[in-house]
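Residue numbers (my numbering), protein chains in the order written: chain P, 24 to 360; chain D, 24 to 360; chain F, 24 to 360; chain R, 24 to 360.
Honestly, the hints are just simulated from the structure, not real lab data.
For clarity, every value in this text was computed on a predicted model and none was experimentally measured.
Just so you know, not all the hints are guaranteed correct.
When chains are identical, the list treats them as one kind, so a pair holds in a single copy or across two.
Derived pair list, reagent style DSSO-like, types lysine-lysine, alpha-carbon separation capped at 30 Å [unchecked claim]:
| no. | residue 1 | residue 2 |
| --- | --- | --- |
| 1 | Lys236 | Lys225 |
| 2 | Lys236 | Lys86 |
| 3 | Lys218 | Lys334 |
| 4 | Lys86 | Lys334 |
| 5 | Lys218 | Lys86 |
| 6 | Lys334 | Lys236 |
| 7 | Lys236 | Lys218 |
Protein chains: 4
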Amino acid sequence: MVIVLRPEATAAQAADLMHQIAALGLRPLHMPGSERVVLGALGDERILDRLHLESHPMVESVKPILAPYKLVAREMHSHDTVVELGGVPIGGDRIVVIAGPCAIESHDQMLASGQAVVAAGARVLRGGAFKPRTSPYAFQGLGLEGLQILREVSRELNTPTLTEVVDVADVEVVDRHADAFQLGARSMQNFRLLKAMGQSRKAVVLKRGPAAKIEDLLLAAEYILAEGNPNVILCERGVQTFDPATRNMLDLAAVPAIKARSHLPVIVDPSHGTGVREYVAPMSKAAIACGADGLLIEVHRDPSEALSDGKQSLFPAQFASLMRELAPFARAAGRAL
Amino acid sequence: MVIVLRPEATAAQAADLMHQIAALGLRPLHMPGSERVVLGALGDERILDRLHLESHPMVESVKPILAPYKLVAREMHSHDTVVELGGVPIGGDRIVVIAGPCAIESHDQMLASGQAVVAAGARVLRGGAFKPRTSPYAFQGLGLEGLQILREVSRELNTPTLTEVVDVADVEVVDRHADAFQLGARSMQNFRLLKAMGQSRKAVVLKRGPAAKIEDLLLAAEYILAEGNPNVILCERGVQTFDPATRNMLDLAAVPAIKARSHLPVIVDPSHGTGVREYVAPMSKAAIACGADGLLIEVHRDPSEALSDGKQSLFPAQFASLMRELAPFARAAGRAL
Amino acid sequence: MVIVLRPEATAAQAADLMHQIAALGLRPLHMPGSERVVLGALGDERILDRLHLESHPMVESVKPILAPYKLVAREMHSHDTVVELGGVPIGGDRIVVIAGPCAIESHDQMLASGQAVVAAGARVLRGGAFKPRTSPYAFQGLGLEGLQILREVSRELNTPTLTEVVDVADVEVVDRHADAFQLGARSMQNFRLLKAMGQSRKAVVLKRGPAAKIEDLLLAAEYILAEGNPNVILCERGVQTFDPATRNMLDLAAVPAIKARSHLPVIVDPSHGTGVREYVAPMSKAAIACGADGLLIEVHRDPSEALSDGKQSLFPAQFASLMRELAPFARAAGRAL
Amino acid sequence: MVIVLRPEATAAQAADLMHQIAALGLRPLHMPGSERVVLGALGDERILDRLHLESHPMVESVKPILAPYKLVAREMHSHDTVVELGGVPIGGDRIVVIAGPCAIESHDQMLASGQAVVAAGARVLRGGAFKPRTSPYAFQGLGLEGLQILREVSRELNTPTLTEVVDVADVEVVDRHADAFQLGARSMQNFRLLKAMGQSRKAVVLKRGPAAKIEDLLLAAEYILAEGNPNVILCERGVQTFDPATRNMLDLAAVPAIKARSHLPVIVDPSHGTGVREYVAPMSKAAIACGADGLLIEVHRDPSEALSDGKQSLFPAQFASLMRELAPFARAAGRAL
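With the rest of the complex left out, here is chain P (with noise of 0.2 Å):
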């Protein structure tokens, strides 16, 4: 239930709410808005009648939340969320794009990708360590040491990182070298790993599976706010179709289609969206003006080279060339880069 107060409703009315919620069993919520406060409360919704909130002082109005997802909702949180990663504010007015290598490959590789991609005006740094691949013969990625590189590049440019992890029993040493966890596609309904995510109160980039309806999405989001992780970043990727011209369908319909249900922030793949180098540009122009909150961006110092996905990878120039032309298209949408 969705409990609204009257503006007039004091924080001792409220705790003395919640306390009455709790006493049912049922799990409250404190979502204190500009002008007024609403409560939650989580649990069977029937018991709830006992306490006859309809006709208290201070309630304003009661209201059953329809949708699957409860925490995740916009019904219960009107305003759009704004989670923080490693200081760096998504879900603003400034659209934050987040780019590095797919792979963290070496130093020199991490080192060359990131400040390139820092120069250009990306804010955030990306690379990974522990790489889901389809094949067992492919790279599987540095591991520990991909993390402590990301660590010292990210010092050395004074910028924060983001970076995968596909197992709980890599969430601590993942969380003790970045900034941010991003659960991959194939990992999107891994719940063991979702729930772990709950438990930390680091950013989280969800991204949405190949083949996840965005009802799924946001089912697997509230399982991270669900243990009490309220900073979880939504990620449209592309979901699979029938057709090979691209290496996924970008869904970007999916960004407003998730505004309209849920106050969290969604970011765009168009790397793995797309996986043609040649679309990236196009599509991150389209993202910016369909609503995302930021971009998520492959760029390798050289992807001719690159160990993974070289093949939607920008060159350097490529990506400092579109974050100029992007800028028109952030105005036009009433945001800053």
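Fit chains D, F and R to the given chain P structure using the hints.
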């Protein structure tokens, strides 16, 4: 084969080569460019060897057309084609918005809707007289009466029109009443109808089928060009996937993917592409951002009364507001609206 | 509405009720069963209230038809329909195998292929004269000449024939030369052609489109029945998905899913459904095992020479061997071959 | 590379060749067949040239493994592999039915369901203790308590068991309580878990992901074999498509398609594959008809009370009846039940 002539080749020399190509039983094509003339030869390419074109003094290069579509291919025609639709050029510097109701329901409804969209900046009117409907019990369109209304409103508003044709038997009557033909998604592989379109010289808006690969769409267009009508405008309108969050999944990456493969103009239909009124504006902006040459938008004077597709039709005020919001995106894309 | 009459209702009483239904502007349907008569009323069902049918002494029950398709629905017609195709009943105790080449290429080829399949037990001949092809440069069929060959071979082998019709303009000539119409997957939503099929009384094999939901297929069939032709045979032939391992994904669960929803017979085309010769035999057996009423199989006297679909066509010896292997599966399913 | 030895090659010669392969840094494989020994060499195949194997007197032929999966490929291993699951061979002459409830809910429920399925002929018990659920608010399984129940019931019924493992951290405890591991559809590309499965020698039932191509499934299996566990059973359970008529689309052609590519046994799960109780029987028959080595069927003592998947679970009497009906299909397929 694509035969690129030297800049100094004369018209007579080009004509002579075309004559030799035809004499072999191949189909010659003449593609004059700004700097040099390109010839094409369609048919069994091995026969062409007999002409020893590579050693001809006026031939710069000879290369095979690798794409399964030939006339439609970018290889054949490196600059973008501009198609005239009732005097309005599509594919050039100005982005063209085609708008109007899904179905023509009455003169009043068509006129009111048409006035609203023209006043807001639409340059072509749309409206269906023959409606392909999944159920035999759904409204099937006004037929000839609808076409007559469309022509009257077109004259009253001095604006060209686009309307759907669903059967070869209707081509003539549609031709008499409208300025351009639309082939709907379900007719994209009605090959007899495609051939009939090839007999016309009017513009044809060819919509991508719900399960059509980009290659299938280009081969469908090839049917029209192969019959002699070069005036084809391709339209991305979403494909069918597993996610019910939107009516179709709008594949905006199809815009750069088509432009990489073909010289034909590409427009986007965000109304069918999403099926949700609220998503039409963001996806219109995104379409322009990624390079679309135009938009096809459903607007009804009162969507709540619409006999079809009301859920995805804009109110006139929403359309007017959208047109204002699109302008800065068009400028960011280096174009005008 | 479905109006079930009491067992003791007379024919005159049924006729009287139908008269009353028609007088309201609804379309009455007469469905005599072995024990009692069922009437139907198509149109705005609310009007029917005026007749107070529930209190009529000869009416046992009145219930709405919930499915969007009415005439096709199982609710309307609880026993399985048997459709005659040139004298061969489809949908009864015997499983019917329809076989022949994809395209009619010559009299020799059609006769040799036809003799082989008839000798092996096929009871209907197939062969296409009008071939819908993705590319305009692919073999498009022999047209009228092909139909003439088909008719000659049909007479020589004393076996009825099935052939595809792709346009309303060809319906008459196909009708003169063949025993049944096939609507191909790409024509499943050619509504004008569906209506034309409804004007005939010959059997129509309606193939599921590559992106058609089962509901879409049933609504397409409804177009034919609504025009007056009850002789529709549905055909599952695979849908388009993301996996290139097979040409289409054969959805065999469509067989029980259709039979749960509709009384029409269902056949399966494992040739298009897989696109791979080696998978035709196992999928034919599976189709029979899950309840299909027949099979549509491509057989060519020499698939390596076939002008279309050679990769999925069986050699005559393979077909003969398959027919022998199918017999015990038909028996296990309680049917004969 | 696949290195086929001559029939007269001795074990010592084979061992010597394997030694030479290992000395190059490649991974040698020993695949003794009934007539001759086949060796494999995994790794950078160009290095192998140094051994000049083609001219070795005991080598009959050397050929590359073209498939991206190596150990799993049919090329490597021409006869069908039989995997033992708790003493029950899967992949041999007898078709194996694995049955039981979706989730273990209580000792009573598991015992009653287990007694029913074993009495009817199931040879392996299934039941989930860790349930991956789309929503965090759905029943997540009994965990360790569920595993204990499963082990007790297994002993009481003297029947081996299969249960799902969802995280590397649970592998050990599942190993202690069950006879085989199931990797669910959502875990098919949990590569860390796949590698952990490779450390075991117990049978692993690997379910195809909802968006997994057959090639993806085979590459996932390759992860397990590459780590040393050859006991993998592949399971087709439907993929996600656009049609809501069934929960998933059961891709039965995957059975012959996998068998053409791989030597591993294949079973089919018609319960998840359709999501509808009424379609389980026809699709079970079809699975056997097209060559499946076994079935995985959900049966609950009372599906209306089931905490998960009740809609697709069979009643015990339905399962008993299905087992009787399957027998003639197994015989038609040349196998026993």
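Do the hints match the structure? See the list:
In this assembly of identical chains, the alpha carbons of Lys236 and Lys225 lie at most 30 Å apart only when taken from the same copy (25 Å versus 34 Å across copies). Taking the shortest alpha-carbon separations for Lys236 and Lys86, only the intra-copy value of 26 Å comes in at or below 30 Å, while the best inter-copy value is 36 Å. With identical chains, the CA atoms of Lys218 and Lys334 are at most 30 Å apart between copies only, with a shortest distance of 28 Å across copies and 34 Å within one. For the homomeric pair Lys86 and Lys334, the shortest alpha-carbon distance between copies (26 Å) is at most 30 Å, but the shortest distance inside one copy (50 Å) is not.
Within a single copy, Lys218 and Lys86 get their C-alpha atoms as close as 28 Å, which meets the 30 Å cut-off; across copies the closest is 47 Å, which misses it. Taking CA atoms no more than 30 Å apart as the test, Lys334 paired with Lys236 passes in both settings, with 27 Å inside one copy and 21 Å between copies. For the homomeric pair Lys236 and Lys218, the shortest alpha-carbon distances inside one copy (20 Å) and between copies (28 Å) are both at most 30 Å.
Consistency note: the structure conflicts with none of the earlier hints.
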